[in-house]
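Given chain Y's structure and the hints, the job is docking chain R onto it.
Here's the letter readout for the chains.
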Amino acid sequence: MTQAAASASPSALRLADLRKSFIHPAVDGLSLTIHQGEFYALLGPNGAGKTTTLRMVAGLLKPDRGSISICGIDALADPVDAKRVMAWVPDEPLIYDKLDPMEYLEFVAGLWAMDAVKAERQARKLISILGLDSQATTRCGGLSKGMRQKVALAGALIHEPKLIILDEPLTGLDAGSARQVKAVLKERVADGATVIMTTHILEVAERMAERIGVIAHGRLIAEGTLSELSAKSGSDGTNLEEIFLSLVAKAPLALESAAA
Amino acid sequence: MTTGTATLTWFARHELTLAWRDWASLMSGGKTAREYAATAFTLGFIVLLHGLAYALLQPIITGSIAITSQSLVLITAMLLATFSMMLSQAIEQVTRAFYARADLDLILSSPAAAHHLFAVRIASIAVAGTVMTSLLAAPLINTAAYLGGVGILSAYLVLAAMSMMATAISVVTAVALFKSIGPKRTRLVAQIVAAVVGAALLIGLQIVAIMSNGDLSRMTVLRSAAMMKLAPDTSSLVWIPAKAVIGQPFAVVTMFALGVAALAAVIARHAGQFGHHAVVASGTAETEVARAGTTRGFRGRSMAQALRAKEWLLLRRDPWLASQTLMQVLYLLPPALLLWRDMGPDKHVDTILVPVLVMAFGQLAGGLAWLAISGEDAPELVATAPLKPAAVMRAKIEAVLAVIGFVAAPIVIALAFVAVQSAAIALFGIMAAGCSAIAIQIWFKSTAKRSQFRRRQTASKSATFAEAFSSIFWAAAAGFAVTDYWIPATLFAVMALVALSTARWMSPRA
Chain Y
1 MTQAAASASP SALRLADLRK SFIHPAVDGL SLTIHQGEFY ALLGPNGAGK TTTLRMVAGL
61 LKPDRGSISI CGIDALADPV DAKRVMAWVP DEPLIYDKLD PMEYLEFVAG LWAMDAVKAE
121 RQARKLISIL GLDSQATTRC GGLSKGMRQK VALAGALIHE PKLIILDEPL TGLDAGSARQ
181 VKAVLKERVA DGATVIMTTH ILEVAERMAE RIGVIAHGRL IAEGTLSELS AKSGSDGTNL
241 EEIFLSLVAK APLALESAAA
Chain R
1 MTTGTATLTW FARHELTLAW RDWASLMSGG KTAREYAATA FTLGFIVLLH GLAYALLQPI
61 ITGSIAITSQ SLVLITAMLL ATFSMMLSQA IEQVTRAFYA RADLDLILSS PAAAHHLFAV
121 RIASIAVAGT VMTSLLAAPL INTAAYLGGV GILSAYLVLA AMSMMATAIS VVTAVALFKS
181 IGPKRTRLVA QIVAAVVGAA LLIGLQIVAI MSNGDLSRMT VLRSAAMMKL APDTSSLVWI
241 PAKAVIGQPF AVVTMFALGV AALAAVIARH AGQFGHHAVV ASGTAETEVA RAGTTRGFRG
301 RSMAQALRAK EWLLLRRDPW LASQTLMQVL YLLPPALLLW RDMGPDKHVD TILVPVLVMA
361 FGQLAGGLAW LAISGEDAPE LVATAPLKPA AVMRAKIEAV LAVIGFVAAP IVIALAFVAV
421 QSAAIALFGI MAAGCSAIAI QIWFKSTAKR SQFRRRQTAS KSATFAEAFS SIFWAAAAGF
481 AVTDYWIPAT LFAVMALVAL STARWMSPRA
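These protein sequence lines are chains Y and R, in that order. Okay, so the first sequence: first residue is 1 according to this note's numbering, each after it adds one. Okay, so the second sequence: first residue is 1 according to this note's numbering, each after it adds one.
Next up, chain Y with everything else stripped away, as it sits in the complex (with noise of 0.2 angstroms):
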């Protein structure tokens, strides 16, 4: 999608000065809109408030301050419709030990409530181009980390949903399991859906993402594509690393003076 393109289509996520403390502020007034059919990566250093950013979207923690919509629904005040079009899926895979990952897919088709013959032809495409195939009756208890968190992503895309929300997704897999997830991911960008993913794997959001948010004490202190991040943080890095460096490196000032 270009940049032009982006900016005329609708938000996918609209976040306005979202704000939540725990002892210190951990996001601190973020505002970020992300369009739809958008590939979109969070950055920052440990602490910088993206895992809490994406649970709050989520639904998972509630904000002190702010408003978040998604894809047009305001997730506040109506989180089960906002729900329906949303997937999560958190660093940690969380699924059901004592389920395969065919009875966990189709728990998740009900649980958002899917027609069950259009979720079984779903579930077993899911699970053959993750390469599930083999494990697809093996209790998730017996599964890798790696093969529960492709579990955990089929869950995620079983529905279809319009935007998915994927936390540090390609911790714990080898080459060839990310490169089915990075695939599946694209092929749903390609479909419409928006993605937005945090990482630490600096590649990774380089060679995927269109767009890149870096956020550092829980603000948004820079956005934009490869190119524009690189012209922001006045380094003459090409790669998103340093790119990545130069930028966390003068958030303090940039705060400073923004606060100023």
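Note that these hints are calculated values from the structure, not bench results.
Below, a list of computed lysine-lysine pairs in the DSS-like style, where the Cα atoms sit at most 25 angstroms apart:
{"#": "1", "chain 1": "R", "residue 1": "K445", "chain 2": "R", "residue 2": "K388"}
{"#": "2", "chain 1": "R", "residue 1": "K388", "chain 2": "Y", "residue 2": "K62"}
{"#": "3", "chain 1": "R", "residue 1": "K184", "chain 2": "Y", "residue 2": "K145"}
{"#": "4", "chain 1": "R", "residue 1": "K449", "chain 2": "Y", "residue 2": "K62"}
Just chain R, lined up with the frame of chain Y:
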């Protein structure tokens, strides 16, 4: 920070630290500030138990205990009952040592001598068994020593010896199961064996009492002329444990030496193999293959139906539930047998059956409710599904109530053939105890993995006590109602409601 080589004492110190913190956390629910209160409460409770023990023993023990057939039979029966419970606990703990990954990955991948760790762990099971049983038996032993002479304090050594023997037998049993039926089945079978062993003696005595005398009293059997006739002469070696309890020096030394020898032999023989078993267990324990996963298609279900179906499927596959249900069935056997014997119109079997049913189903409902409400392996999936939290909770409660109804219905219907009013009271009592247990689990909900069921009490002692008191009070209310004592029945029902209100007031959701 200091480092040391992984010697026996080093591992023992490490295990002791962990055990102490585990216990403190269990008692305080993880809150350090509550540790002192928990200790004070425990001490107060122990003093109260001593008072009760004095009231119980004072009419019986009026001097040193004479060695007669009757005293030896009674003491031996008590020791056997204690031993069966120790054995049950030890089997459960030894099996867990195979499967609990916790720190085993770290220790087994280190150059430390793993057999030292397992030697300490086996020994610590024996120590834990001794401490727990001694704490429970302390009021009786101390009071008996006060009334009958200090020699009775040797009962503590007997308990230690029994705990060592129970641990030794458990290790041999677990290893034998592991070798014969494999790691996959050992866990479930060991849980069932532990449940049966723990209850078998008490229930067996009750069944004999029912068959021979028509009542539930175990004492009737132990004091019967037939038992006295069967009992060996008082000089027999069979009575060594009982004589050790009374304080005969030879018997005490023999018992303790036997315990130490058994434990030492088992540690020497099996500690070295434990690491190997633990590694094998970790490779296969969770590799369970579903039988009919792909043969049937997806079923069209509403969201609530999907949640209920998931709960039932997981409950069906829960190994804890299998052993727990078996326990409930075992405990219901004696009253059921009494029901079968007393079908005549002049007997009042329902007076015994109804409170037992209410108590059993209250406890079962508590366990099921924890598994369904707090034991959620994928809380974020359910939380991000397009369902209101109340709808999720409703579906889970329905799932639990349906299971309780499914198990209770045949028993209540059978009871209705004997006494309709009693069946109605049983039904009301089961519903009240079940709903109370579910409500307590909702108020004290603390999400955890289902596999952490054994640790559910750590979330809150208040919830555990509230659940127990509520079941007991509802059972008592039902028992009095069946016998038409409506005033005490109402009083106990009110007490159950007070217990429930107190739990609500103390709960984090208040």
